[in-house]
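As numbered in my numbering, residues 112 to 282 make up the sequence shown, in order.
No lab work stands behind these hints, which were simulated from the structure alone.
Please note: incorrect hints may appear among the correct ones.
Stated by the list, open to error - Cut-off 20 Å, straight-line C-alpha distance, at most; resulting in silico cross-link-like pairs (SDA-like, lysine to any residue): (1) 266 <-> 140; (2) 211 <-> 191; (3) 282 <-> 272; (4) 266 <-> 254; (5) 282 <-> 138; (6) 164 <-> 252; (7) 164 <-> 240; (8) 164 <-> 233; (9) 267 <-> 246; (10) 211 <-> 188; (11) 164 <-> 139; (12) 266 <-> 250.
These figures come from a predicted structure and were not determined experimentally.
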Amino acid sequence: MAAQFATESGDNPLWEFALTFYARPGVQQTLLSLQNDAGMDVLLLLTALWLGKQQCLLPDSLAEAGDYFRWREQVILPIRQARSHLNAEPLRSQQAVLRKQLLQSELQAEQEGIRLIFTWLQQQALTEQADCSAVNLTLLQNITMADNGSVTAQKKEARGPLLQQLLLLAK
112 MAAQFATESG DNPLWEFALT FYARPGVQQT LLSLQNDAGM DVLLLLTALW
162 LGKQQCLLPD SLAEAGDYFR WREQVILPIR QARSHLNAEP LRSQQAVLRK
212 QLLQSELQAE QEGIRLIFTW LQQQALTEQA DCSAVNLTLL QNITMADNGS
262 VTAQKKEARG PLLQQLLLLA K
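Kindly generate the complete structure, drawing on both the sequences and the hints.
As structure tokens, then:
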């Protein structure tokens with residue numbers, strides 16, 4: 112996830128939750144660590160927590176949210192990679208402007224990603240369960256470990272403590 116969410120409101124409660132939760136102290140750093148150090152998808156983490164707050168389990172069929180995953184691979188990740196490349200280099204003023212534009216584009220792409228996830232969720236039969244944020248994060252971790260062979264052992268090890276920290280921040 113980019114350094115901060117776009118300030119404009121989305122058209123769904125998942126986006127509203129994401130904006131509010133991301134602004135809480137410690138959340139941004141924890142989510143970015145889960146993204147950068149543990150190879151997890153921040154938008155899916157936010158989705159898992161939001162569903163937990165709604166007392167709904169993350170659907171097992173998450174991998175079927177193809178519109179979101181295509182959008183992530185084809186739009187969000189390339190923009191993030193370009194922006195990250197500029198973050199790693201000392202910048203001239205024109206490059207700093209470009210980095211800022213890429214950040215804004217990444218934020219807009221993430222907002223669209225949240226919309227795609229929310230639209231997909233509306234088509235799912237969600238299972239209700241009280242206090243299921245931890246269960247949702249475990250499900251998400253298991254799904255992403257099974258689907259992503261490129262995640263290193265070091266990143267997998269980093270997930271546990273960071274996910275626990277995220278759960279504490281979500282309370």
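Exercise. Hint by hint, work out which the structure violates, then give me just those numbers in ascending order.
Key: Violated: none.
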